[in-house]
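**Q** Residues per chain, in single letters:
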Amino acid sequence: MTDATASGPVRVGERSLLGKLEGSVSWILLGLVGLLLPLLDDSYIGVIAQRAYIYWILSAGLNLVVGYAGQIAIGWVSMLTLGAYTTAALTAGTATDPWHPYLALIAGGVIGAAAGVIVGLPALRLRTFYFAMTTLGFATIVTQVALAWKSVTGGGVGTPGPVFPWPFDPGWGFYYFCFILAALATWMTANIASSRFGRALVAIRDAEVAAEASGIAKPRLLIAVFLFAGALGGVAGGLFASLQSYITPDAFTFEISVLFFIAILIGGRGSILGPALGTIILTALPEFAAPLVQWSTFLYAALLLVIVLVIPGGIADLLDYKNRRPLEQHREIVPRPDLLGRVLGGDGRSRGKSTIALRDIELHFGGVRAIDGLDLEVRSGEVHGLIGPNGSGKTTTLNVISGYYRPNAGQMTLDGAELPFALPHARAGYRISRTFQTPRLVGAASVLENVMIGGTVHGHGTFTESILALPRHRRDERHLKAAALQALATVGLESLAQVRADRLQHSELRFIEIARALMLKPAFLLLDEPAAGLSAEEIRRLGNLIKASSREGVGVLLVEHHADLIFDICDRVTVLNLGKTLAAGTPNEIRSHREVVSAYLGA
Amino acid sequence: MFASIVSYGLAVGAVYALIGITYNVMFSASRVFSFTAGMLGMLGGVLGALFITEWGLPTIVGLVLVLACGAVLGIVTEIVTVRPVLKSIDQHLYVLSTLAFALMIQQLTAIWWGTDARPFPRLIPIGPGWLDQQFWLPMLACAVTIVGLELLYRKTLIGRAFLAIAEDAYAARALGLPETGLRMASYALAGMIGALAGFSGAEILLAFFGNQAILNFYGFVPVALGGMGSNRGAVIGGLALGVFQQAANFLVGGIFAAVAVFAVFIVVLLLRPEGLAGAATARRV
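Protein chains in written order, with my numbering: chain X, 1 to 603; chain D, 604 to 888.
The set of hints was computed from the structure by calculation and includes no laboratory data.
Where is the CB? At the ideal position from N, CA and C, for every residue including glycine.
Treat each hint with caution, since some may be false.
[As the list claims (entries may be wrong)] Residues from chain X shown here face chain D by an in silico Cβ test under 10 Å; the list is partial:
id	residue
1	L30
2	I118
3	E255
4	F298
5	Y300
6	V334
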């Protein structure tokens, strides 16, 4: 019962070995090697290096799609093909008047971006196999078109690649061109990865439902990422065409796609250095194993199978020493409700009163009436308890309010104005936040990052600003981080800020979810069985925290089975049975309500 | 020309339909889409040419051997690439494991068989014209498969067990059905159907390692459009796709045909993700 945990062995600001490496040293070393490589004056090594840079320009963007957003884009080689043919055909003037090579390269990027979005469209609604198949089908079709459209692409015979004029003319000039663009691609993807957009991508990957509740609009975000990754792929293609000096459809084998994919998987999801090293190694390896050239695709495929079956987390997971170190055994969660005012912003009493009202809500699942004509009001500054036996419609009601279910009938209003049904990602805009019955967190991200996801909608910078790390992006990051640490301190978990979320125990996950929900500065907080699995002492502290947030003006809807907690902290209680209100009133009225006692509470 | 578009289109479409059924049989047993469907189709042609042309085996022996190879590959697929990742199916690692396995087999084929398309033997010397085996053999294979599957599912105990697993694997296990064994059997069955698809269509498609990617995609399109798990959808979609492709090839050219198929695929997936005939799935909160 002491505060020993707060000063426990896990220090804030601690970084993993890989984190430190990724931070600077490795990149500086890689950069120096790249810069000084021309001193060797070995054009063979130069060509290999250029190919590695070009592949990396594509993989860097693909890494956001695959490693961060978790979309299995196996046919991304099609972007390389499109970019290469666009640049080559425009420069050669087979379709239009000849373009300047640099302009043609930009055009390649634009076409790649457009194709990235088209291929990505199915991913906005469906995941995984459909998207994998779309990218694969697109790769097949692009090759077929390249073969068939002889007047522009030269068909099977091929077409010459562009030659870039001074300053990036063939030889070391072109080498530095590839090098600079690869460095740029690295910098830009690293910026995105460490921005609220990068965290949102990971949230979509591992905790999609929670991402929606935090106001992350998956389609918009994914379109931005597909645009960016497609553009990088197109630019890589233009450079590739120049490096090859002559391109045929055969040059764009599926093998290259597999190479990109393995590089990212080996490197580890959610890392940038890992995939970069993977790309370099996989590009260089076949050059030093000439007898194996025939077998290279087979070996790549075998490698892919082994990685998936043996180390699905990639090498980054194997090297993640930070998360091997044991955490302290007997940790205690000591929330500090006094900090709530700061987290929620401003003085609680100054915030306006507002009310969510449900009228005659009905929701049917097939023949089952999960909610059958429910009236409910949640007012700011009050804790409203929702209790009832299993299957009485408590969580379903919460899901209706937070937009996951569309009721069949009834009205839902916020301060008299209609609160639209469905649209879960729009709830954050109304400052309605929630937690989940089973905590939905990104296991692979740190606790701090998980909490920062809750504040995604408070960022002001655009995706483009984040790519370029412009001031608004940096300000967003500073504010989000400060707010997240504040929220973590409020729930009493700031000492675990840098720990991977999947290493924590169940009760801690519940409090992290609350911290994430607080990041929204919510007017309404919907809690779905927050006390489940907590110890008696933890439940008491949770109760204090909830009570304190309602004193700060937050309207709380609390779905719970712990009757003691409900009667301790609720201002009003609604009892559901079979989707209908069995009773509603103050805790005292409910406690003595005959039907409630006999049906639910027991004598 | 109309006749040749239709006969050729239906023949290719029947191959697509069979590959679609291959996807379905594997999906029903495990909720896994496997990239090995196209691989099986590719191998059906290559192995058929190997056994019958190269080794000079009688046609019927060659066919039985091809089906046996398909069944074995199906079982290997289940053991190596599906079973290990079923525990965490929501991570969809099967996409990568089955793709990797299919690529390995494809590359072995490329190395040992060669990367050139080779002819497939004429098995039954009637024709030319509509009676040519290359047109009716795939359709016959498709019809036999559908009738066979119907009989299996409706009339036999093991077929009903397949259906039970497909409907609710959890409940089926609770009833004491050997889920693992049934899954392996389904994959063996899918292996045979996929190999039969390639075997029957090989005179048109040739014995060519590159058929894998094409069959993977064009065999999946009918499944995506018809709704996953629906064999009727796969057959109707497959035949329609085949005829449409041939018509577009003849009338407007190959570029348009390829782009049009892809465009339709994307648009349908966007408007009706569950397929034209499929049912929507429930939410996940």
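**Q** Does the nearest C-beta of chain D fall within a distance shorter than 10 Å of the C-beta of E255 of chain X?
**A** holds, 8 Å
**Q** Identify whether the interface hint at I118 of chain X stands, where standing means a beta carbon of chain D within less than 10 Å of its own.
**A** holds, 7 Å
**Q** Going by Cβ atoms only, is V334 of chain X closer than 10 Å to chain D?
**A** With Cβ-Cβ at 31 Å, over 10 Å, it is violated.
**Q** Quick check on the hint: L30 of chain X CB to chain D CB, less than 10 Å?
**A** Given a least distance of 27 Å, the restraint on L30 of chain X is violated.
**Q** The hint names F298 of chain X as touching chain D; please verify it with the least Cβ-Cβ distance against 10 Å.
**A** holds, 4 Å
**Q** Hey, does the Y300 of chain X contact hint survive, CB to chain D under 10 Å?
**A** This interface hint holds because 8 Å falls under the 10 Å limit.
Going down the numbered hints, you'll see the structure goes against 1 and 6, while the others check out.
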